[in-house]
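Visitor: Residue-level listing of the chains:
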Amino acid sequence: MQEIDNIVNGQKLFLKPEYQEVLKNKKQFEGHAGATNPEKLKEIATWTTTWEYREKNLAREHITINPAKACQPLGAVMAALGFENTMPYVHGSHGCVAYFRSYFTRHFKEPTPCVSDSMSESAAVFGGLANMKEGLRNCKALYKPEMIAVSTTCMAEVIGDDLDAFVKGAVTDAEGELDSTYIPAAHTPSFKGSHITGYDNMMEAIFKTLTPEGDVVKDEERINIIPGFESYLGSLKEVKKNSFNV
Amino acid sequence: MTAETLLSQQKAAIAEVLEAYPEKARKSREKHLGVDAPEGVKGACDSTKSNKQTVPGVMSQRGCAYAGSKGVVWGPIKDMIHISHGPIGCGQYSRAGRRNYYVGTTGVDTYVTMNFSTDYQEKDIVFGGDKKLKAALAEIDELFPLNNGISIQSECPIGLIGDDIQAVAKAYKKESGKPTVAVSCEGFRGVSQSLGHHIANDVIRDEVLGDNSYKKDFESTPYDVTIIGDYNIGGDAWSSRILLEEMGLRVIAQWSGDATYKEMTIAPKAKINLLHCYRSMNYVVRHMEQEFGVPWMEYNFFGPTKTTESLRKIAAFFDESIQAKTEAVIAKYTKMTDAVIAKYKPKLAGKTVMLYVGGLRPRHVIGAYEDLGMEVIGTGYEFGHGDDYKRTKEELSRATLIYDDVNEYELEQFVKKLKPDLVASGVKEKYVFQKMGLPFRQMHSWDYSGPYHGYDAFAIFAKDMDLAMNSPVWAHTKAPWESN
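Which chain is which? The protein sequence lines are B and S, in order. To convert, note that position 192 of the first sequence is 192 in this note's numbering; the numbers rise steadily by one, no gaps. To convert, note that position 359 of the second sequence is 605 in this note's numbering; the numbers rise steadily by one, no gaps.
Rather than coming from a laboratory, the hints here were simulated on the basis of the structure. Check the hints yourself; a few may be wrong.
[To be verified] Residues from chain S that face chain B, not an exhaustive set, calculated with beta carbons under 10 Å:
no.	residue
1	309
2	336
3	407
Note that the structure is a prediction, hence the values are computed from the model and not measured. From the three backbone atoms N, C-alpha and C, an ideal C-beta is built for every residue, glycine too.
Kindly generate the complete structure, drawing on both the sequences and the hints.
Guide: Quick look at the structure:
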């Protein structure tokens, strides 16, 4: 039981003898090797450290385990988050956006704004144009962004939504509400490349929208540094600092 | 604050928030917002629309069907390998995010915190990925021979391109002799993670409960119970289990936090199923009632008042010897919880709280806050249904703002208007409110603390709330140029 002057959580609570007893007692109902056959567990655990296991693991082709990569729209959201007064907008189902926001919030320990147009079964059948039309307007009305950076999820890509046409259609139908808003749009299918590719695709779309062709001013004194998907912001600070010294 | 001013403030807040929307969205959202009070005959809990399509273009906090199945129901089953079937993202984002505690050797006999994915590429989308899936299943069995089964959790493209994962699973099950289940929980299905729970429950019904291999040798006792709908977040199920065992009951299965496949199959042997998270697992306990004649009962282990009430309710189902032991358990722990209340209530009493969580918590945790003298003035569900809101009404102690599928914009506005002393929601909201200078607790993951279920856990809960609210840091949130 808890002591009032020393309230403990997590591991410290479960290491108390009464909880150790509970966990020991639970084993009789459990089916994993640790409960049913500790010898076997030891044997396999040792086997996983052998050269034979290493070779087997490296020969693996079809199942991906604990990869260090994520999918394209995550990168697209990251690219958009770097621009002032810009709302990342993901054309697809909202589960993806909930994941991107949790993932970045945990990493950066900062709020992560991003909206989705919540496509579901009906959009899978009829396409996501209706969602795009309503979504862009709602986003503009609530958050008043100067730019809405649209990327796609695998769902929108598989059903083949015509992104550029949808954005144009949505702007035309918006009764002027979206006329002064930049809306770059990038195809970012999750089944191609990774978050790195997604960042690049979104960045390209943003540049194309903000600097239409022919609108180029050459400046010998200045350079742009596009760091790609760099989630360690300290690095960017360092780049900025050093580039002034050049 | 008097009841009248609170109520009028809440109503004004709703009216103001709705003004920001274009007409179509406003019409939809106004049905999801309202105010309810314990004494009112018909309030928002009776009329709020829920489990409806989210308005496009807002920052909804909802997840998807895949999150409901892989992330919530199936993911914590520790000795099975759960494949995120489709492109790489979903498996990565849902990896080890829910703090489902378990005992085991990860990567050898248990796998909860690992990410297994079929990493779909363009060619798999074009030509179908059934062959790849079959090969992946074989590779898993070769590298992880101690797994007790594999579940295939579909991501969006699977249903759209028409892969037949059910057939692959069936064929592989026959070949390997091991449980292999396919769950069609594509993220675009339904309006939130709630449908994912339902789909996952249905697959447990069809594929797991019918497995009699462990039931044959199972020796029953008259005191066998299960814990259903506890995902062992921060060890919740363990701090619940200890109380039930001290009452003289035998907990034969835990669904699905720290569960093994065997525990999943023997659950129908229980005398009664004890249900904590109603939203995510009511489907399967209803099925067990019909099919196996196992009754079920909801309980609430947040805060001593509700825990004591629940323990007595559970004991009433059994004989007098259990009831006597239960009273002894209650007496033993009440001394400690009384001391906790005496220590923390003076520091927390009268502080107001706004909640926004999912599952059972928007109503279940109200009692724990009230035990500390704190006042809940707003609550809402990410993916609740009408029956959740009806159950919420019974927990209210005062005029309470009710918001269904509230989005970031609305929640922020409500908090600005009602100025609660604490906001309790999820990680996506955490820094939004902390940066507004408001104390915040994550009530999905217990903010990396916990457990929060049971008597021992209440002491942690009280300590955590005190830490969050009375931290000296809040005296320093004003910028130097803004002081005086």
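Visitor: Compare the structure with each hint and give your call.
Guide: Quick rundown of the hints versus the structure:
no., hint, in the structure
1, 309, "holds, 5 Å"
2, 336, "holds, 7 Å"
3, 407, "holds, 6 Å"
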